[in-house]
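> Sequence:
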Amino acid sequence: MLQPLLMQAEALIAALALVFGLLILWVLVSIPVWIAAKVVTVGKARFTRAMLVTAAGPIVYAIVFFLSSAILHMTLGEKIFITTVAFILAFIAWIGVFKLGFDTGWLRALGIAILATIVFAVIGTIITIGLQALIPPAPPITPFPTF
Numbered sequence: 100m101l102q103p104l105l106m107q108a109e110a111l112i113a114a115l116a117l118v119f120g121l122l123i124l125w126v127l128v129s130i131p132v133w134i135a136a137k138v139v140t141v142g143k144a145r146f147t148r149a150m151l152v153t154a155a156g157p158i159v160y161a162i163v164f165f166l167s168s169a170i171l172h173m174t175l176g177e178k179i180f181i182t183t184v185a186f187i188l189a190f191i192a193w194i195g196v197f198k199l200g201f202d203t204g205w206l207r208a209l210g211i212a213i214l215a216t217i218v219f220a221v222i223g224t225i226i227t228i229g230l231q232a233l234i235p236p237a238p239p240i241t242p243f244p245t246f
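Offset between the sequence shown (1-based) and my numbering: plus 99.
Hints in this document: simulated from the structure, not taken from any laboratory.
Each residue gets a CB set at the ideal place from its N, CA and C atoms; glycine is no exception.
Hints are not guaranteed to be accurate.
[As the list claims (entries may be wrong)] Simulated DEER-style distance windows between Cβ atoms:
1) I187 / G120: 28 to 34 Å
2) P235 / H172: 46 to 52 Å
3) L117 / A232: 25 to 31 Å
4) D202 / P235: 41 to 47 Å
5) T183 / A154: 43 to 49 Å
6) L127 / Q231: 16 to 22 Å
7) G120 / K143: 16 to 22 Å
8) L230 / I112: 23 to 29 Å
9) A154 / A113: 34 to 40 Å
Please construct the entire structure, taking both the sequences and the accompanying hints into account.
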């Protein structure tokens with residue numbers, strides 16, 4: 100009788116941990132976007148706007164990628180370049196989210212995306228180096244080796 104209750108409690112704790120982890124990840128990923136937007140928009144960007152853009156960007160990217168891929172496959176058949184075209188269209192849509200979200204032009208939106216990627220890589224490297232100094236067997240966070 101106690102076993103099903105414990106299993107439900109474990110499932111609830113796991114679900115709450117997942118939601119909490121995703122929220123923390125969302126905040127952490129929004130920081131580089133906010134820093135980049137602050138630099139590119141000369142201080143006009145707000146953190147809440149960066150969080151909104153960070154949440155909307157991947158959603159718009161995925162929708163545009165899958166829809167354009169499906170439409171291109173239906174109209175052109177199986178072609179090698181279709182995935183590349185879908186990727187480019189989705190990337191432009193993602194930059195469009197930055198453009199709309201930070202009320203800026205296309206070039207500045209691209210600058211925010213590039214600078215945010217660089218800031219994210221730098222922060223990831225610093226965290227990786229710190230973690231590996233404190234806990235040597237810790238796996239790297241960045242895709243490239245730090246030592």
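> Kindly indicate which numbered hints from before are broken by the structure, ordering the numbers from low to high.
Of the numbered hints, 5, 7 and 9 do not hold.
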